[in-house]
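> If you want the building blocks of each chain, they are given just below.
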Amino acid sequence: MPDLYQVQDLHLSLPDMTRKPLFGAAPRIEILKGLTFDIPKGQVLGIVGGSGSGKSTLGRAMVRLLEPTSGRVLFDGQDITHRDEGGLRPLRRRFQMIFQDPMSSLNPRQTVARIIAAPLSLHGLPDPSARALDALERVGLPRSFGNRFPHQLSGGQRQRIGIARAIALNPDFILADEIVSGLDVSSQAQVLSILRDLVRDMGLTLAFISHDLSVIRRLCDRVLVLHQGRIVEDAGCEALFANPQAAYTRELLDAIPDPDPENAWFARA
Amino acid sequence: MSFLKIRDLSVVLRGTRHRLLRNVSLDVAATEVMGLVGESGAGKSMIGKALLGILPRSAQVVSGTIELEGVDLLTLPPRQRRTLIGQRAALIPQDPLTALNPSRRIRPQITDRLVDILGWDRARANTRAEEILNEVQIAAPDRVLGSYPHELSGGMRQRILIASAFAAEPRLIVADEPTTALDVTVQKQILKLIHEMQALHGTALLFVTHDLGVVAKICQRLTVLYGGLVVEEADVRAFFRGPAHAYSRALLAATPRHSDPEADLTPVPEPVIAAVQEQVLAADRSWSHA
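Taken in order, these protein sequences are the chains called P and L.
Number 269 marks the last residue of the first sequence (the numbering used here); no jumps.
Number 290 marks the last residue of the second sequence (the numbering used here); no jumps.
The hints are simulated quantities; they were obtained by calculation from the structure and are not laboratory data.
A hint or two may mislead.
Said to hold, decoys possible - Below, in silico cross-link-like pairs of lysine to aspartate or glutamate (DMTMM-like), each with a Cα-Cα straight-line distance of 20 Å or less: (1) L:Lys-192 / P:Asp-258; (2) P:Lys-33 / P:Asp-234; (3) P:Lys-20 / L:Glu-151; (4) L:Lys-192 / P:Asp-254.
Stated by the list, open to error - Just a sample of chain L residues kept apart from chain P, beta carbon distances all over 10 Å, derived: (5) Phe-3; (6) Ile-54; (7) Val-62; (8) Gln-80; (9) Arg-81; (10) Gly-86; (11) Asp-95; (12) Tyr-148; (13) Glu-177; (14) Ala-275; (15) Gln-279.
The C-beta atom is built at its ideal place from N, Cα and C for all residues, glycine as well.
With the rest of the complex left out, here is chain P (with noise of 0.2 Å):
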């Protein structure tokens, strides 16, 4: 399989600007200190860590909502590194964002229908309403949902409209970012398998940013584990589990509160 993505030594820093002075430019703090790594079409890809990783910001990067410092970004073969937003517009349908939180990142005042349909007519497709009607159907949401509100739904059914707009457009890749944190485990457990069928179904490539490993061995095919800014940990999701290389993965593995009652888990420390 070719990659999709392919990045290359990525660094990228941001002006601390609680230690900015009056005058004169803030000192810059180092978030992604070189990371390098390709996605291969068609691979789901976990990337865990704690708080403070950088795994947000690194999947910022990758859609370019951010501009890395230094280090190149591939898309199919492109380099998106440094392009400008002109040069980005045409590639922006193909690469897509899913949200954590659903309630910022729905406009609150529009219906379903327009939320989903919103980025189908600003990107020139047909018919941008049916589709988004179909969108909905294809995250296992009735069609009459789409003259809702997001108050309306719960935090399951919002989380579904966040990937109804995402598929929509009918991308190549999509990024979710911690999609499943703020969500009851029922609804996690669905949306779990509505993205698993999504991806098998439309031939996706997906990155899944999450800082739970037991979600990420559900879903994806590979792991990237991410401190400090730097990979510490790349591998095979089997393989992460039955051996863990790192110190920082075994850590992570080892704070996991599995549903059983055992007494030497505190003891592990």
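Keeping the supplied structure of chain P fixed, place chain L upon it in accordance with the hints.
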């Protein structure tokens, strides 16, 4: 006599007949760790809040009793009730950022309660604050007590809130999703700390969480709630061998299990939800006839 005894507690949305808690009864023994679990909106936090007398204005207790060591909290005059709760009970809140006042140093945020509610003098309260920070393994208590919340990490702030809850040696602590906002690795450290502090002080603990994994690790018994109704109350070991109620079974089946990675996660099936909702409606019917 049980240490904490809640009987037929009903809480409504103020001014309506809509119940948020539906005849909740539960018992907690002294030094016991009881988990309160359920999905969002199940009313699990509401129980702790009713008990501590910190229900939001929009909620109102309409019936039932909450007995702490034989005293019914709901029939006490407000001032007496506040003093009693302040002496006997404490809260470990969910969000360490909003639970601390950002414009005050840590020291008074721990000691004010000891001085104002328990009537200690400042010097004694200050000594106790240092002592208790030592106990939660904070290395430089003096520096931390003089800091503002924003100068400390999330894990550190949660440690301070735990220390603060244990400072007055309460007999009962309500921990309301204390690790939900934290990283998994920090979550484990904090759970371990709560576990050790609880064992050391012999405090009864009401642990509110949506995470059955956390319940398995820290609780001895648990109560499963749905729509403000208790659907199951069980010993933790027995529960994880096989829950009695269909809804609890479904909830457990939706929770990722490390030891069984191949098992598919299944959402709570529609018929199970329909059945438990019917149970809620039935409870409401007998309530409105009473």
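> Would you mind marking each hint as holding or not holding in the structure?
Tested hints:
Between Lys-192 (chain L) and Asp-258 (chain P) the CA atoms are separated by roughly 15 Å; this keeps the pair inside 20 Å, and the hint holds. Only pairs whose Cα atoms come within 20 Å are accepted, and Lys-33 (chain P) paired with Asp-234 (chain P) is accepted, the gap being roughly 16 Å. Distance hint between Lys-20 (chain P) and Glu-151 (chain L) is fulfilled; the C-alpha atoms sit about 17 Å from each other, no more than 20 Å. Our distance criterion of 20 Å between C-alpha atoms is met by Lys-192 (chain L) and Asp-254 (chain P), whose separation comes to about 13 Å.
Chain P leaves Phe-3 (chain L) outside its interface by the beta-carbon criterion, the shortest separation being 22 Å against a cut-off of 10 Å. With a minimum CB-CB distance of about 24 Å to chain P, Ile-54 (chain L) clears the 10 Å threshold, and the non-interface call stands. Listed as outside the interface, Val-62 (chain L) is consistent with that label: its C-beta sits roughly 27 Å from the nearest C-beta of chain P, beyond the 10 Å cut-off. Under the 10 Å C-beta cut-off, the non-interface status given to Gln-80 (chain L) relative to chain P holds; the minimum distance is some 39 Å.
Taking the minimum C-beta to C-beta distance to chain P, about 33 Å, the non-interface status of Arg-81 (chain L) holds against the 10 Å cut. For Gly-86 (chain L), the requirement that its beta carbon stay farther than 10 Å from each beta carbon of chain P is met, with the minimum near 30 Å. No beta-carbon of chain P comes within 10 Å of the beta-carbon of Asp-95 (chain L); the shortest separation is about 14 Å. In this structure Tyr-148 (chain L) is separated from chain P by more than 10 Å, as the shortest Cβ-Cβ distance comes to about 13 Å.
At roughly 12 Å, the least C-beta separation between Glu-177 (chain L) and chain P is larger than 10 Å, which holds for a residue marked as non-interface. Separation of Ala-275 (chain L) from chain P is adequate, the least Cβ-Cβ distance of about 15 Å exceeding the 10 Å criterion. Remark: the non-interface label on Gln-279 (chain L) is consistent with the geometry, its nearest Cβ contact in chain P lying 17 Å away (cut-off 10 Å).
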